[in-house]
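A.B. asks: So the chains spell out like this:
4 protein chains.
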Amino acid sequence: MYKIIVNGAKGKMGQAVISAVSADAELELAGQTDVGDDLGKTIKDTGAQIVVDFTHPSVRMQNVRTIINNGASAVIGTTGFTDEDLKAIDAESKKLKRGVLIAPNFGIGAVLMMQFAAQAAKYMPHVEIVEYHHDHKADAPSGTAIKTAQLINEAVGQTNPPAVESKEFLAERSQGAKLGNVRIHAVRLPGFVATQEVMLGALGQRLVLRHETINRESFMPGVILACKKILDKQGLIYGLEKLL
Amino acid sequence: MYKIIVNGAKGKMGQAVISAVSADAELELAGQTDVGDDLGKTIKDTGAQIVVDFTHPSVRMQNVRTIINNGASAVIGTTGFTDEDLKAIDAESKKLKRGVLIAPNFGIGAVLMMQFAAQAAKYMPHVEIVEYHHDHKADAPSGTAIKTAQLINEAVGQTNPPAVESKEFLAERSQGAKLGNVRIHAVRLPGFVATQEVMLGALGQRLVLRHETINRESFMPGVILACKKILDKQGLIYGLEKLL
Amino acid sequence: MYKIIVNGAKGKMGQAVISAVSADAELELAGQTDVGDDLGKTIKDTGAQIVVDFTHPSVRMQNVRTIINNGASAVIGTTGFTDEDLKAIDAESKKLKRGVLIAPNFGIGAVLMMQFAAQAAKYMPHVEIVEYHHDHKADAPSGTAIKTAQLINEAVGQTNPPAVESKEFLAERSQGAKLGNVRIHAVRLPGFVATQEVMLGALGQRLVLRHETINRESFMPGVILACKKILDKQGLIYGLEKLL
Amino acid sequence: MYKIIVNGAKGKMGQAVISAVSADAELELAGQTDVGDDLGKTIKDTGAQIVVDFTHPSVRMQNVRTIINNGASAVIGTTGFTDEDLKAIDAESKKLKRGVLIAPNFGIGAVLMMQFAAQAAKYMPHVEIVEYHHDHKADAPSGTAIKTAQLINEAVGQTNPPAVESKEFLAERSQGAKLGNVRIHAVRLPGFVATQEVMLGALGQRLVLRHETINRESFMPGVILACKKILDKQGLIYGLEKLL
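Residue numbers (the working numbering), protein chains in the order written: chain A, 1 to 244; chain B, 1 to 244; chain C, 1 to 244; chain D, 1 to 244.
Only chain A is shown next, with the shape it has when bound in the complex (with noise of 0.2 Å):
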C-alpha cells in the first residue's frame, strides 16, 4: 500500500483524486491539504511516500521543493511550469533521488492528441492550436497546448510562417501567443472543462486533431497510474506518456 497525500484537497480536481486514491485497493489516502495547512509537516507525520498536486500555478515551484525536500515523491498536475522551471526540478529532484512527475495532462485521449500532432505536423507544417477551458481557469495558454507545441517544434524543424504578416486592426493582438511559429489562442468560457484542436492546413486540405474532456473522471485512471509507478523514478519525468 502506497500512502498518498492529496494536495489541493478543496479543489474539484483535489476532490475527484482523494475519491479515487480512496478507492484504490493498492493506495491509502494519508492526508488531505490545501492552503494555510503545512504541507512539510504532513508528509513527516504521515510518513507518506507521494504527494499528489493539483494547486495554483503561483505556488508551483515551493509545493514540489517541499514535497521532495521532505522525502516524498511528486505526481503533479498544477500548469505554469517554464522551461527554467523544470531544469531546477529535474536537478533538484535527482540529487535528492525522488521522481517527480510533471504531466500537462492526464487524460489518455490528450497524450494521443499531442504524439498524432507531432507526427502529422511532418507532413503539414502549417498549424495552430485553440485551447477552451471553463472561465475559472487561472493561467493561459493551458499547459496541454503549451506542450502540444513543443512536442510539434521537435518534431519539426520548421513551422511554416503565414504566407503574410497580416495588418491588426484591433489594438491588443488577435493572432494569439506564439511557441516557436506555433501560434495558440485561448478561450475561456462557462460550459467548457478542457478542449484542445490542433489545426494543420495545407493546399486545399486540413486534419484537425480534437480533445474534449467533459469531466475530471477522465484524468483519474491516468493519475492513480502515475502514482504507482513514480517510486520507481528518479528526477523529472515530464509528460504521462513516459510512464505508458
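These are calculated hints, taken from the structure and not from any lab test. You may find that some hints are simply not true.
All copies of an identical chain are treated as equivalent in the list; a pair is satisfied when it fits inside any one copy or across any two copies.
What the hints assert, rightly or not - Computed cross-link-like contacts, BS3-like style, restricted to lysine-lysine with a CA-CA straight-line distance of at most 30 Å:
1) K87 to K167
2) K122 to K228
3) K167 to K242
4) K10 to K167
Given chain A's structure and the hints, the job is docking chains B, C and D onto it.
C.D. replies: Chains B, C and D in isolation, oriented as in the chain A frame:
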C-alpha cells in the same frame, strides 16, 4: 442594364465577380481595374454606374472616395474599415447622393450567424469569437468577426468578463483581441477559405454558431443582389442584411 | 411553496432534480419515487401538486396518466413520445384540467438552437441533423432531434431532397432516419452527455448550429422554471420555449 | 515521360487531374476519355502506360479490367469496391503483371486521419465515423469511411458495442450502417466537398479526428505521386499510404 466596373479584377474575388456579373442578364461588365489603373478615369470613360471593389485594406478609403467622387455607387467587399472611416463615408456619400454598401460578408449563412449571435448573447452573455482564414488574408481579425462583435455589443449591455483574470505565461497574448468585452481570435492557415465560430457558454452547456465558406461562389448571390439594389440608396449601408 | 415529487429519483437526472428542488426557496420536495414504487399513492399521500418525471420511454404514457389522474400537474423530461401520444395527452389533460409540460430539452441553448434551425432553414433548406449522446441512452434519435426536425418541417414547406439518390454499399443504412425530408443521425459514445449539430448547406457555404451539454446542471434552471409555471396551465405544452 | 490517359475527363476530378498532369514535367497527357468513348482503343492508339480513373461506382470493375487487359497500369479514385472486387482485381492484375492502385482518398491529411484512427482505437475502442459530402456524391458511405472502419477493425480485436441497445422510434434507422462494430453515418449536403470525423469516446473524454477537403487541388499531389510509382508495381495496392 446596369454598367459595372470590377476593381481588384486580378484578385480571386475580383475574378469570381467578373464571372458572376458577366453571367447575369441585368448587369453589364463595363470595365476591369486593378493596382496601377486609373479607376476614376475608367468610371468616366465607361459611364459605369456601379463599382464593385474587392481590394486591399490599405487603399480602402481612397477607393471609396474615387468611386463616389466620379459619380458611381459602390459595393465594397474590402475590409479594414474603422468607425471613423464609416462615419466619413456616410457623410461624404450622402452629400454626393451616392449609395455605398460595405459588407463584411456577402454570404447569407454568415449574415444569419451574425444575427443569431446577437440574439443568443442576450440569454448567454459569455461569448468569444474564433475566425479561421487562409494564410494570405491581409488583415486580422476579419471584418465579419468585428461586425459580429459589434452586433453582440449593441444587443447586450454587458457581456460578462472572465471570472478569473488569467495569468499568461507566454510573452505575447493568447487570449485574443477585445472589442468591448468580446474576445476575438484569428487563425491563419492554408486549407481554409473563411470560417467563423461564435461560442456562447453557460453553466454546463454551450452553443456554437459556425459558418464555413468553402469557395467564393457562395458570395456571388449577395454581390449581385447588392449591385441591383444600391442605385436606389444614398449614404452608407453597412451589412448585406440591410438589403434583404 | 409548491410540493414536488421526483419520479425516476434514482436516475442521474432524478438526482439532479432532487438537489435543485431542495435548493429552491419556493419549492418543497414532497417525495421521491422510482421503479416499483406506487406513484399514484405517493401523490395522494403527500398532496403533491407537481410531479417531475425523468424515467424510461417504455413507461412514458403510463406515468403521465398516473400523474394527471391523481390530481397533479406534470413536468416531463422522459423522451419517446409519438404524435399519437401527444394528442392523447393533450385531450386527457384538458379534460382533467391539468397541465402537462413535455420538453425534449430543458437547456436554454438547445431551445435557441431549435429556433435558429427553423429560421435558417427558410434561407438554406438543405439540412441534416447529427446528435451525439452517451452510450447508455435508451432511445434514438433523441427527443431534441425529433423536435428540431418537426420545427424545421413546419417552417419550411419543402426541405430539398438530395440531388442524387445515393447507392449504398453496406447492408444497413448509413444515411440516417428521415422525418419528413430531414435526415437524422444518432451517435452513441461514452464521453458525451448530449450534443446536437444542425447542418445547413448551400452552394459553397454551410451553417452549423451546435449545442453541447456537458453536465445535467445545465437543465435545472429550465426544470425549476417549468415547475413554477405549470400550475397555471391546462392541456399539453410541448417545448420549454412555450413557457419563456 | 509517362503517358497518361484520364478516364472520367468531363468530371470535376477528371478536370483537376488533367490540369495537374499537364503541369507536371515528368508526365504527358496522352488522352482524355469519358462515358461513350472506347477506353481500350484509346490505350492501344496512344500507347499510354497509365490510366487515371475517376468515374462512377457502377462501372468500377469494367474500367479496371479494360485498363489492365489493354496493357496499362491503373490509378483508381472511383469508389464502391467490395471485398470481392478487390480480391478479383488483385488476382487478375497479378496474372497480367500490371499494377492497380485503388485509393479511397488521395489527400495526405486523410491518410494520416485513417492511420491515427486505427492507433487511437487500441486505447479508446468506442468509435463511430461521421462523413460529410456534397449532395451529388453517388455512393454512401464514402470509400474513405469504409477504409477507415476496416483499418480500425484490423487494429482492434473488439470495438465495444453500445452499453444499451437503443430502441428506435422512427421507422428508418438513425444509428447508421455498421462495418464490424464500427457505425458509419453519411451526411449529404451542398457546402461540403469531403469531410470525415472519427469520434473515439471514453469515460469523461473524447478524441475527434477530423479531415476536411475544401477543393480537389488537395488530391493532386497524391495522384501525381501514384502515377510516378505505379509502373514498378504488380497486383493490387489498396491505399495511398502503401506508396508513401
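A.B. asks: Determine for every hint whether it applies to the structure shown.
C.D. replies: Evaluated hints:
Taking the shortest alpha-carbon separations for K87 and K167, only the inter-copy value of 22 Å comes in at or below 30 Å, while the best intra-copy value is 37 Å. Only between protomers do K122 and K228 lie at most 30 Å apart by alpha-carbon distance; the minimum there is 22 Å, versus 34 Å within a single protomer. For the homomeric pair K167 and K242, the shortest alpha-carbon distance between copies (28 Å) is at most 30 Å, but the shortest distance inside one copy (41 Å) is not. For the identical chains of this complex, K10 and K167 are inter-copy neighbours only, at 21 Å across copies versus 46 Å inside a copy, given an alpha-carbon limit of 30 Å.
The structure shown violates none of the earlier numbered hints.
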